[in-house]
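Undergrad: Using the sequences and the hints, build the whole thing.
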Amino acid sequence: MIGEESTPSEPQAAEPIMSVRPRSATPRPLPVLVLADASGSMAEDDKIGVLNRSIAAMFRDFAAQDSPRGLIHVGAIAFAGEEARLHLPMTPAPSVAWRDLQPFGRTPIGAALSLATELLADDRVVPGRAFTPTVILVSDGRPTDEWQREMERFLDSKRGRGALRIAVGIGQDIDEEAQHVLETFVANPAMPVFRAQDVNRIPQFFRWVTMRVTERVHSVKPDTIPPLDPQELQDLI
Amino acid sequence: MEATVRDVRGRTLPLAERLGHGAEGHVNRVRDSPLAVKRLFLRGSRAHHAGLLEERLRAVARMPIEDLPVARPLVMLAEPDVGFVMELLDDMVPLEQQMLPPYEVELVAWYLATGGLRRRLRVLARLAGTLAALHSRGVVYGDPSPGNVLVSEPTDQDQIWLVDPDNLAVESDGSRSAVYTPGYGAPELVSRGSRISTLSDAFAFAVLAHHTLFAAHPFVGDEVDDGPVELEEAAHAYRMPWIDHSEDRSNASTLGLPGRQRLLTRTLTGYFRATFEEGLRAPARRPSCADWATALWQAVDALISCRSCSGHRFAARACPWCGATPGSDLVCRVWLHAGPDVFSLARAEEAPDPGRVVGARGWNIPAGELVAIDSGRPFELTARHGEIRSDDPHRPLSTVSWDGGSRVRVANVGVRAVLLVSGDGQVHRRLPPGRDAEIELRPDVPPWRLCFTSDPLSPHRQVTFDVVGPARTGR
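In order, the protein sequence lines correspond to chains A and B.
Our numbering puts the first residue of the first sequence at 1, with every later residue one more than the last.
Our numbering puts the first residue of the second sequence at 1, with every later residue one more than the last.
Rather than coming from a laboratory, the hints here were simulated on the basis of the structure.
This structure is a prediction, so every number in the text was calculated from the model and none was measured.
We put the CB at the ideal spot given by N, CA and C, even for glycine.
Take these hints with a grain of salt, some might be off.
The calculated label-pair distances, taken between Cβ atoms and stated as ranges, are [to be verified]:
1. B:S375 x A:A63: 41 to 49 Å
2. A:R99 x B:R192: 51 to 59 Å
3. A:Q148 x B:A113: 52 to 60 Å
4. B:R377 x A:R99: 49 to 57 Å
5. B:R72 x A:Q148: 58 to 66 Å
6. B:E79 x A:D123: 40 to 48 Å
7. A:D122 x B:R266: 44 to 52 Å
8. B:S33 x A:A190: 31 to 39 Å
9. B:A284 x A:M211: 42 to 50 Å
10. B:V170 x A:D122: 49 to 57 Å
11. B:A113 x A:R124: 28 to 36 Å
12. B:R377 x A:L86: 56 to 64 Å
13. A:V20 x B:T155: 17 to 25 Å
14. B:E106 x A:D122: 28 to 36 Å
Reference listing, derived: stretches of chain B covered by chain A, where coverage requires no fewer than 3 residues with Cβ under 8 Å from a Cβ of chain A [said to hold, decoys possible]:
15. 255-265
16. 315-328
TA: Put into structure tokens, the structure is as follows:
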């Protein structure tokens, strides 16, 4: 009843386990990319402070999710002044420390979308084995650059199109055009654009996103995006 | 965000951490109480879901499972949730959280620190035994998965608790479509829409056992692990061979613990192969959960602590962890002594090996079981070893302690007398309950026997004591 030592089909079997340093499967990355408005107007009412704290809290919650199915990776693009910058390269959530965004200048959403398209298409950033990304667009006003063409490119790209896209408009300055930009980004009539007219609703929005994303990472099928619960949403729209 | 739920009796229940998650919903602990809450994901009408769930729970309440470690549903949740409150044990965590490797962990150190091979085999033996007990009562569990099975949080314990009672079904009931966890659901559920059965439970159990024992999913080879999500979905639908397929090596794996056969008995190796090769398309070829339970307990019995490292090895085999060659091991072989009614006296007297005959009548038939004893660590022989048929296989009968040399002490911790018989049959020592005795093992004489009876002529189980060296194998 005692089994065989090893078989020829397993050449490594003779090595003691302690001397081969085996590894287990690494969980698949579940990328979350935040496109964050860091324009000058975000300084009013400390919108930027609340946003920084909300994103940091969300990333901390992500880091605490331990699931063999998927590991949340987070990245952030900040748009301000005349350009969009990679504020946080895509990193496994447990190794992230959030650096606060500093607000200045204008709202170049087009540049942010361009950078996002490029980033998501890069296999070194989002490897082929990754789950569908989640992309969150946060803005407090209308774009100050040519955004239409970049939006089209983003939505036409494989990963941009497949992503779970969520948008939130912050503050009183979300006029019809700004709202239109966010709706175009989400491009899903079943997924409304969130409104956080009051600064205090920003954390609420990010807690909701946290719940959605962590639900995915624990889900038995992370690429099946769970249906939206209208009741949950009512408070946020 | 939502930190409380209400049940239909109007109680508000504050939720604590998430414990498990099945295919259909989440399970959370209820803060400061021996309760847990399962909430289902809502798809479609709430009333419809709630009605179906209530019907299922009513059926579960009628099932004869009070004595099994399965959470019993207590009360439904109130609107807007669909779910129910159930019982929970203290200090239990999902198997997934404790026994599947976490992110970026030093695999070997983590494996040994979470109880090593011995605890994993024991936990799995208990799980297989519980599933087998359900099956023997005509009940199917439905969705055995790492998120549905809770295990003791302290790593020196090995209790289990099943938390998905709403999927329990009577086997003959075909009214519900199957709920399963991808990667664990049996092929006939995934691709043919078959109903859950004792054999689909057995398949999911085998995947869970493989994943737990080796830190490797049996269908996720290197290419699947590196490939896109679609490839993993194909593996989870069993469109690729398992990683240790006897002919097709296309899905081979270097993940998890290497040299997997070293960590198993031959029986268990055969069971994995039978389940994942022939049993993939032919459910009836799969070993049952009762088969698994027996084979896993036998493997636990044959395991001893390595004297050179903190791992475990099988008696008379080299240590798979550090490679240390085996020293002298004390091995108990379990025999069935058939009484004179079974075999005639004449045949017994013509036996080619008179040493295998007790007195002049009856035969000793190997029961196929073997117990290895750690020196300095008393081993408890239970009804599983010493009784031909037992209501409680874990009831203690005798403890065996070995000094690592030639002295073995046997203590009767059961309720009936046992008999120690020297190898030559010349010495019989009766041990009443509560008494102990020491025997000396000598290489040149037939081994001592411990007979679980006070009448050596009646049919009974007995064990023999042999010290085996590295040159010999277990039999």
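Undergrad: The hint says 51 to 59 Å between R99 of chain A and R192 of chain B; measuring C-beta to C-beta, is that right?
TA: Given a distance of about 53 Å, which is inside 51 to 59 Å, the answer is holds.
Undergrad: Do D122 of chain A and R266 of chain B keep their Cβ atoms within the hinted range of 44 to 52 Å?
TA: holds (49 Å)
Undergrad: Can you take a look at whether the segment 255-265 of chain B is actually covered by chain A? Rule is 3+ residues, C-beta closer than 8 Å.
TA: holds (count 10)
Undergrad: Mind checking the hinted window 41 to 49 Å against the Cβ distance between S375 of chain B and A63 of chain A?
TA: Holds: the Cβ-Cβ distance is about 46 Å, inside 41 to 49 Å.
Undergrad: Given the range 40 to 48 Å, decide if the beta-carbon distance of E79 of chain B to D123 of chain A lies inside it.
TA: holds (47 Å)
Undergrad: Given a hinted range of 49 to 57 Å, is it respected by the beta-carbon distance of V170 of chain B and D122 of chain A?
TA: holds (53 Å)
Undergrad: Within 52 to 60 Å or not, the Cβ separation of Q148 of chain A and A113 of chain B?
TA: holds (56 Å)
Undergrad: Kindly confirm whether 58 to 66 Å is satisfied by the beta carbon distance between R72 of chain B and Q148 of chain A.
TA: For Q148 of chain A against R72 of chain B, whose Cβ atoms are near 59 Å apart, the range 58 to 66 Å holds.
Undergrad: Can the suggested window of 56 to 64 Å be confirmed for the beta-carbon pair R377 of chain B and L86 of chain A?
TA: holds (58 Å)
Undergrad: Do the Cβ positions of A284 of chain B and M211 of chain A conform to the proposed distance bound of 42 to 50 Å?
TA: holds (44 Å)
Undergrad: Given a hinted range of 31 to 39 Å, is it respected by the beta-carbon distance of S33 of chain B and A190 of chain A?
TA: holds (38 Å)
Undergrad: So does E106 of chain B sit 28 to 36 Å from D122 of chain A, Cβ to Cβ?
TA: Holds, since E106 of chain B and D122 of chain A (Cβ atoms, about 30 Å apart) stay within the stated range.
Hint compliance for this structure: every hint is met.
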